[in-house]
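Engineer: Generate the whole structure from the sequences, applying the supplied hints.
Residue strings, one per chain:
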Amino acid sequence: MAANWAERIVAFSRSPSVFLSGTTPEAFLDELLRELRDDRAAYSVKVLLLCPLCEYPALLCPSDSVGEETALELMSVFLHCPPKFMQFRCQLLLALTSVLLCSSCLSSYSSASQEFLDLLLQIVQDTSDLHANGSPSLRATACDCLRELEACCPGLLSQRLELLCGLWQRETSRLHQAFAGLHMLALRNAVYLLSHETSAGVDDLKALLGGNVAWEAEQNSGPLSKKNPAVLSPLILGPMGTVPTLQTGQDCKELRSVLSSLLEESYLLTPLCQAAVLHRLTEVVAMVPGVPPAIFRAQLLRLFGTSEVCLLHSTLLMKSAFTDSLFSVENEAFILKRLLMLSQNPLVSTPEKLFYMDCILHFPENQPISCCDDEALPVLLTPRLAAVLLPTMFNDSATMLARLNLLSLVYLEEGEQGEGEEGGGLAYLYDHLMSLLSVVENQGSREMVVTFFRAAFLFLFHFCHVERYSNSLAEKLSTLYMQHTQLATHLINLADRTQERLGESGWAVRLLRTLQRGVTEAPLAQLTLQALSCHLKILARAAEEAEICQQRTLDFLFSIIRSSSLLCASGNWRLGNSVLDVCQRLLMHPSLDSLLIPLANILQHLTRYYGDTDIQDHARFYYTLLTTLSQEKLAAVLGQGATEGGCPATQHSLSSIVAESEGLTRVLTIHRTHEPVLRLVEVDSPTARQETRRRESEVKAERESCTALDAYRAQFDDRGFASEITLCYRLSHAESCHPRFDQLFSIRLHFDNTDDHYGELSDISVPCAFREHPAPTVRLRLKPRRPYPTTLHSSAIFTSQDGLSWHTVLPDIHVAFQQLFMPLPAPPACGKRFNLSVFEGLWAEICRGTEERVLDDCATSLFCSQMEDSALEALADKHFLPYLVSDPSDEDEHKVLFFLPPQSHVLLKVRRGSDAVHVHIATDSCQLLPHITSFLLKITSSQQDIYS
Amino acid sequence: MSLRALWIISQEKGENVSIRFSRRFSTVELRAKNLAGSSYVAVPEESIFLHFLLTELGLADPHKSYVALRDDCLHRHRSPALELHVDGPGKGVLWPVLAILQGPLILACLPLVDAPAEPRPPLASLLSVSQGLTLLAGLQTFLLSSGSKPDSEGLASRLAMLPSVLLQVCPLGTPLDVPQLGAPATSTVPPPAGNQKQPAWKTGLHRGRAVVNVALTEMVRSMQYGNQSKQDLWDVYGTVTCKCEVEGVLPNVTVTLALPPNGSPLQDILVHPCVTSLDSSILTASSVDNCDGSAFSGPYKFPFSPPLEPFRLCSYTSQVPVPPILGFYQLKEEESQLHLSVTLKLHESVKNSFEYCEAHLPFFNRDQMGNVDVKVSSGQLEISKEKNLLIWVLGQKFPKTREVTMEGKISFSGPVPGPTDPLCTKLTAYIKMYFKVPDVTLSGCCVDQHSVQIYSSAKPRIVTSRELQSKEYFIWNSTGAAPVSSGHMIL
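Protein chains in written order, with our numbering: chain X, 1 to 948; chain E, 1 to 491.
By construction, these hints were calculated from the structure, which means they are not laboratory data. What you are looking at is a predicted structure, and each value in this text was computed from that prediction instead of being measured. Where a beta carbon is used, it is the ideal one built from N, C-alpha and C, also for glycine. Hints may be right or wrong, so weigh each one.
[Unchecked claim] Calculated lysine-lysine pairs in the DSSO-like style (CA-CA distance at most 30 Å, straight line):
no., chain 1, residue 1, chain 2, residue 2
1, E, K91, E, K301
2, E, K387, E, K345
3, X, K476, E, K332
4, E, K409, X, K476
5, E, K64, X, K476
6, E, K301, E, K243
7, E, K230, E, K471
8, E, K64, E, K91
9, X, K537, E, K64
10, E, K375, E, K301
11, E, K332, E, K432
12, E, K230, X, K476
13, E, K471, E, K436
14, E, K397, E, K13
15, E, K409, E, K230
[As the list claims (entries may be wrong)] Okay, the calculated bits of chain X under chain E, using three or more residues with CB under 8 Å as the criterion:
no., region
16, 13 to 25
17, 256 to 266
18, 392 to 399
Structural biologist: As structure tokens, this is what we get:
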């Protein structure tokens with residue numbers, strides 16, 4: 001079982017959705033909790049069981065009531081767990097924190113969360129928890145739980161600041177770190193909350209630190225009072241951010257002394273905690289003008305020299321908050337130089353170098369000029385300083401691109417100020433780009449190729465206006481392409497992107513024109529089919545540009561289709577299509593008039609000689625269009641397919657005339673919807689069940705000769721008898737789906753089982769579904785093999801109004817246990833007495849079966865519940881009425897019979913005992929017992945909720 | 001200042017990819033949801049995440065030459081934080097995903113953006129990013145023990161320890177520390193009752209004789225072109241590693257680095273967080289703006305309170321006047337043969353006593369070596385098994401003249417083509433030097449045994465050592481085009 005659990009937990013965390021399709025969250029949660037309570041289970045396994053609760057609490061405890069129950073369960077497990085299983089107990093605290101926070105129990109102040117909070121506070125104060133160094137400590141874990149609770153519910157601990165401060169001050173073991181972090185966060189949140197109180201001042205601050213009740217009284221509505229939802233949003237620091245302030249005057253010695261001692265001891269914290277504490281301290285000092293930023297000064301040198309990225313980062317954030325009130329101009333220049341140095345230090349890892357370069361581009365200047373969040377160079381960064389970051393061939397891709405970007409910004413700025421030194425720097429960058437190009441030329445790796453094109457884009461992005469470089473780059477790229485035609489897609493991508501971003505520069509057109517020239521001027525003799533396919537892609541892209549003269553392309557096309565050995569005779573459909581693709585774009589070219597005759601010749605040649613009928617047909621069609629339609633009409637007809645690109649919004653039809661264009665494939669393919677479009681909503685329909693009853697085969701019950709039970713049983717000789725359950729659903733639109741899906745046609749619903757308890761379901765067709773019309777009803781016929789709750793995957797294929805076909809996934813259908821209940825399928829002519837006799841017969845048989853252990857599957861059980869009379873009656877009315885076999889007027893005992901296809905029965909005798917309601921259960925299928933119990937639990941608890 | 005999730009993935013060049021470990025921090029995710037509001041993008045399930053991560057890292061579909069999502073030239077592939085474009089039901093951009101690739105492992109995490117999501121805050125404003133980087137680097141060291149090729153068993157056992165490790169260093173998504181390598185030292189004792197707080201980074205206390213070990217290692221890098229048009233480059237960087245076994249909760253130790261009288265100042269000094277205070281003059285010299293000669297040149301005092309495990313006390317760089325070995329490499333293509341001549345000179349200031357010294361001459365984009373007719377004035381010559389690399393083993397000493405030469409011809413007539421390299425085409429070729437000289441530093445920097453001060457009762461044992469190693473030490477063929485290694489020098 002243990003191994004099995006390990007596998008199951010792995011399967012769950014790999015994909016909770018797939019895992020839960022085989023069971024339900026409730027069932028899985030039940031299993032987990034049962035195993036956790038089980039004394040025989042090993043603690044090593046129990047630790048594993050807590051993982052799903054820690055990682056996916058919201059999935060397993062979808063409501064706060066489930067969260068609350070789960071938390072209470074876990075708490076009792078915690079209290080019963082022997083202290084020696086430290087790791088398990090720590091993990092339990094984490095699971096409890098996760099469950100209570102994620103099921104929003106904590107924000108609603110539930111009793112479990114109160115209890116848990118008390119437990120945590122008790123643990124952190126328990127100094128008897130001595131532990132060996134290195135092993136997990138319960139107190140440390142409890143501290144982190146408190147910290148997380150405070151982080152998620154700011155202000156939760158604001159009234160316990162004195163306690164936390166004391167714990168932190170007294171602690172001499174390594175645990176002081178946990179207390180420092182917790183205390184600091186609680187202090188920061190408390191000051192933040194206080195700064196939002198309109199009349200708060202120095203006395204409130206004192207009260208806060210001293211745990212004085214005066215302020216507490218005001219806060220009685222609870223730390224999470226709904227008054228201030230902004231509490232959750234963080235405090236943004238920096239000259240651009242707005243920092244709430246707490247006006248205290250100069251008199252805040254208490255706060256100052258707490259902050260100073262936290263600061264003094266920050267050295268004793270690990271770099272990660274130190275960075276966090278420093279950041280929180282920065283926030284507090286920024287909020288309280290009464291405390292001068294100078295309290296940080298003693299720490300600065302130590303932080304400036306650090307090799308730890310997070311410590312230097314917290315210093316930068318400090319600088320961003322305090323600017324020249326803490327950092328002099330010399331400091332600023334110094335920090336910038338440190339960043340430059342760290343960005344290229346051989347002992348710093350690549351991700352950290354990239355981070356430091358990012359920090360340079362978002363340098364917190366004392367007097368920032370611009371206020372945009374975009375990348376900008378600090379004023380102090382001179383080209384001379386930045387030169388240490390010039391890209392080289394020995395950089396890895398990311399570093400090289402980051403350096404290229406930074407230096408481009410440097411030289412761009414310099415170029416604007418005058419041509420002085422600019423030549424050198426820019427020339428270096430261009431030379432560097434050329435070195436990259438030569439690597440690509442020499443069969444550089446795939447990564448190098450991609451890096452080169454990214455570098456080229458970056459260079460153009462900044463220096464497209466420097467024509468001597470941008471023109472030369474276009475030429476070089478063209479030369480490169482002619483040697484490496486497989487780079488066609490990369491070049492087209494570069495052309496597309498530069499056109500998008502730098503359209504007005506016309507560089508993309510220049511590149512494409514150069515490429516077109518290169519392709520068309522190359523000798524045909526050495527042309528391979530592969531290269532030709534790439535050339536055609538380039539020419540097709542070039543043909544999209546109105547400014548590029550297409551005469552060369554036409555000449556090229558003509559010569560390749562004429563040299564029959566190469567193309568026409570081969571009848572290669574793909575290449576033929578590529579040729580047609582170029583032709584199609586030429587048909588839309590504004591200069592079509594001048595291209596008419598040569599293009600017609602090409603199309604005619606293809607029609608006659610191309611070795612593939614499909615291509616011939618398309619060519620003929622284009623020819624007809626070309627020779628009969630005016631240019632405007634032609635552009636309009638063909639433009640439809642091309643202009644739409646990726647946005648499938650407008651009308652489409654199968655008569656689209658664009659060969660192998662996106663348009664045609666789009667109509668022919670089934671698209672996937674991104675969001676659910678349809679859903680099935682359960683309808684509680686007695687008609688469905690009646691219908692099933694009507695379908696039951698007629699049995700001539702020979703009442704005189706047989707007992708009722710035999711007669712009832714005889715019906716099952718017919719194999720199809722009462723073997724189906726029909727569930728009714730409405731097929732409705734999902735709440736927020738695209739208006740395109742308002743009218744759907746030819747919907748075909750498909751269902752998949754997630755287990756083998758049911759037979760396969762047949763597809764269901766629905767002619768149409770309109771959003772504004774009543775939703776059509778869908779009847780789902782389930783053929784149970786075993787009547788267990790299940791989940792069905794469902795999907796649908798349909799046609800939208802614009803003629804496209806779509807595939808969409810519907811939300812899973814959960815079939816609950818009670819949905820499988822059917823009344824006793826008695827022969828039609830039989831009355832109440834018959835049902836009662838069958839009940840008694842079955843009851844006796846099951847009881848005998850269990851006592852004598854002859855019938856393995858039989859089981860009896862008893863379920864008790866505290867309930868008032870009225871509640872019981874309401875319960876019976878609501879849940880049992882259709883299945884009642886006893887006289888409804890008999891209030892002492894209700895006899896209820898659930899029939900579950902194919903052949904299971906659940907019999908209930910519900911009696912009112914002296915202290916509780918007793919439900920005696922008998923069933924001929926003992927595997928159903930857990931489901932029955934959870935069903936009863938559910939209905940009785942919901943009934944209690946109503947009446948309590 | 002927290003992480004939403006953490007993943008550890010193993011892969012081999014984009015293939016055989018699997019998630020070896022993952023952890024989601026549900027409460028941080030809850031905060032992410034509250035903070036981001038409508039622009040919240042949930043962390044996708046493992047397989048989906050993996051697909052998008054590999055795409056963004058350029059590792060997906062390794063056999064396809066162009067994949068639009070992966071290879072678009074617009075991608076900002078220069079930030080430490082990746083953007084994953086998640087489609088499907090939870091559509092949106094998952095940002096900022098941090099990833100470290102080392103050897104077979106990808107370590108990734110998703111820091112919480114604790115600022116309004118729109119407009120996207122700069123990376124530099126999120127402390128969780130640098131914390132994420134620190135934790136990932138710590139996990140990397142823990143899993144790979146700083147080598148890039150762990151044995152699979154070692155890795156598996158480290159991965160199995162992760163749940164309990166994370167329970168201590170990052171229980172609820174807020175990183176508190178980086179994992180400690182190995183068990184704490186055996187001779188640790190519980191802290192005595194006293195007022196002094198034990199540093200959180202100190203896993204226990206030492207009891208026994210005080211031993212302090214200070215090791216100084218200098219790495220020398222060089223690019224030599226033997227060409228008037230390109231300036232030769234070399235630089236040195238050093239690290240001081242300490243292992244201190246000293247009694248007390250917060251013992252004071254001071255290590256002092258000293259330079260010879262005319263030594264150039266140590267630059268770019270970075271110190272370990274256990275250093276208690278620094279003099280501002282120590283930090284002034286920087287390689288970024290080779291400042292004036294009046295700069296402070298020691299002694300460099302580092303007062304600190306040591307952790308139990310070995311640690312890097314500080315690092316520095318230094319501009320030294322000469323490279324330890326000056327080389328000259330010349331290749332000439334003669335018909336089907338390559339005529340080569342090499343001269344290596346050991347500088348007189350460097351002690352002529354190596355632990356090892358080798359010169360490697362690889363040949364790319366050619367067939368395998370056939371006839372090798374090469375003579376050396378000293379040392380032995382070896383040819384690699386693959387027949388594309390000449391290894392000149394110089395041994396422990398240069399001859400008295402401190403100069404060695406190699407002369408000869410190689411024909412590339414082997415039956416199989418050798419390895420390719422996009423950089424080393426035609427006559428672009430290099431010699432890479434591998435050497436180690438014990439008891440020497442190029443900068444002249446040293447730690448005097450007597451300068452190590454320990455404020456404790458017992459007389460400590462102090463061991464100091466130093467050594468010089470080569471790192472990226474290239475001598476380029478002077479007749480070929482060689483790549484520039486630093487733009488700084490060119491401009």
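Engineer: Now look at each hint and say whether the structure bears it out.
Structural biologist: Hints versus structure:
Between the alpha carbons of E:K91 and E:K301 the distance comes to roughly 55 Å, so the proposed pair goes past 30 Å and is violated. This hinted pair checks out: E:K387 and E:K345 have alpha carbons roughly 27 Å apart, not beyond 30 Å. Among the hinted pairs, X:K476 with E:K332 is consistent with the structure: their alpha-carbon atoms are about 29 Å apart, no more than 30 Å. For the suggested pair E:K409 and X:K476, the alpha carbons sit about 36 Å apart, so the restraint of at most 30 Å is broken.
The straight-line distance between the Cα atoms of E:K64 and X:K476 is roughly 25 Å, inside the 30 Å bound, and the hint therefore holds. Straight-line distance between C-alpha atoms of E:K301 and E:K243 comes to about 17 Å, which keeps the hinted pair within the 30 Å bound. Between E:K230 and E:K471 the alpha-carbon distance is near 20 Å, which keeps this suggested pair within the 30 Å criterion. For a cut-off of 30 Å, the pair hint linking E:K64 to E:K91 stands: about 25 Å separates their Cα positions.
Among the hinted pairs, X:K537 with E:K64 is consistent with the structure: their alpha-carbon atoms are about 18 Å apart, no more than 30 Å. For a cut-off of 30 Å, the pair hint linking E:K375 to E:K301 is broken: about 50 Å separates their Cα positions. Restraint check: the Cα-Cα separation between E:K332 and E:K432 comes to about 19 Å, which is no more than 30 Å; the hinted pair holds. A threshold of 30 Å between alpha carbons decides the hint, and for E:K230 with X:K476 the separation of about 25 Å falls inside it, so the pair holds.
Of the pairs offered as hints, the one joining E:K471 and E:K436 holds, with about 10 Å between alpha carbons and a cut-off of 30 Å not exceeded. At most 30 Å may separate the alpha-carbon atoms for a hinted pair to count; E:K397 and E:K13 exceed this at roughly 41 Å. Between E:K409 and E:K230 the alpha-carbon distance is near 27 Å, which keeps this suggested pair within the 30 Å criterion. Check on the region 13 to 25 of chain X: 5 of its residues sit with their Cβ under 8 Å from a Cβ of chain E, so the three-residue criterion for coverage holds.
Residues of the region 256 to 266 of chain X with a Cβ under 8 Å from some Cβ of chain E number 1, which does not satisfy the need for three, so the listed coverage is violated. With 6 residues carrying a beta carbon less than 8 Å from a beta carbon of chain E, the region 392 to 399 of chain X meets the three-residue requirement, and the given coverage holds.
Figure legend: structure checked against the earlier numbered hints; hints not met, in rising order: 1, 4, 10, 14 and 17.
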